[in-house]
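Q: So the chains spell out like this:
There are 2 protein chains.
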Amino acid sequence: WQTVLEEGASKLKREYKFKNFVEALAFTNKVGNLAESEDHHPDILLEYGKATVTWWSHNIKGLHRNDFIMAARTDGLYE
Amino acid sequence: WQTVLEEGASKLKREYKFKNFVEALAFTNKVGNLAESEDHHPDILLEYGKATVTWWSHNIKGLHRNDFIMAARTDGLYE
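Protein chains in written order, with this note's numbering: chain A, 1 to 79; chain B, 1 to 79.
Keep in mind the hints are simulated off the structure, nothing from the lab. A portion of the hints provided could be inaccurate.
One copy or two, it doesn't matter: identical chains are merged, so the pair holds either way.
Derived pair list, reagent style EDC-like, types lysine to aspartate or glutamate, alpha-carbon separation capped at 20 Å [said to hold, decoys possible]:
hint: 1; residue 1: Lys19; residue 2: Asp39
hint: 2; residue 1: Lys13; residue 2: Glu79
hint: 3; residue 1: Lys61; residue 2: Glu6
hint: 4; residue 1: Lys30; residue 2: Asp43
hint: 5; residue 1: Lys50; residue 2: Asp39
Full structure from sequences and hints, please.
A: Following this line, the structure appears as structure tokens:
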């Protein structure tokens with residue numbers, strides 16, 4: 001994960017690689033389901049063979065402990 | 001749809017609004033299924049209540065007639 005500063009907020013960002021579009025879309029759904037279950041939602045950029053996930057907390061315009069937990073759980077979905 | 005120039009390629013980009021994350025994710029899947037069925041894949045940025053779709057043709061680094069057709073079909077999935 002990289003820490004990036006975007007629009008004045010620190011964010012956690014990681015790119016995940018896949019064989020094709022379908023696998024990247026399946027991962028997007030896994031992350032989306034996790035997000036919905038925790039009511040905490042990342043941005044996900046879906047591209048061919050690639051999904052880039054960005055976590056941060058809108059309310060504090062930055063990173064909360066929870067974002068690091070969600071990042072680790074996102075890694076768990078990739079394995 | 002807006003025509004944008006990104007990384008040296010002309011692209012068609014449109015942002016679609018939704019009530020929440022789940023609806024934006026459902027739309028992402030609809031567009032993803034269309035993309036897979038046509039073997040032509042856009043970028044999709046999924047955010048809370050929002051999905052931004054970008055079409056272009058990688059092989060010509062720009063816009064082909066097919067991208068405009070896919071854009072119109074993407075609109076059809078939104079209605």
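Q: Could you run down the list of hints and mark each one as holding or not?
A: Evaluated hints:
1. Lys19 - Asp39: This pair counts as between: shortest inter-copy Cα distance 14 Å, intra-copy 29 Å.
2. Lys13 - Glu79: within (17 Å within a copy, 32 Å between copies)
3. Lys61 - Glu6: within (10 Å within a copy, 27 Å between copies)
4. Lys30 - Asp43: Both, since 13 Å and 18 Å are each at most 20 Å.
5. Lys50 - Asp39: between (24 Å within a copy, 16 Å between copies)
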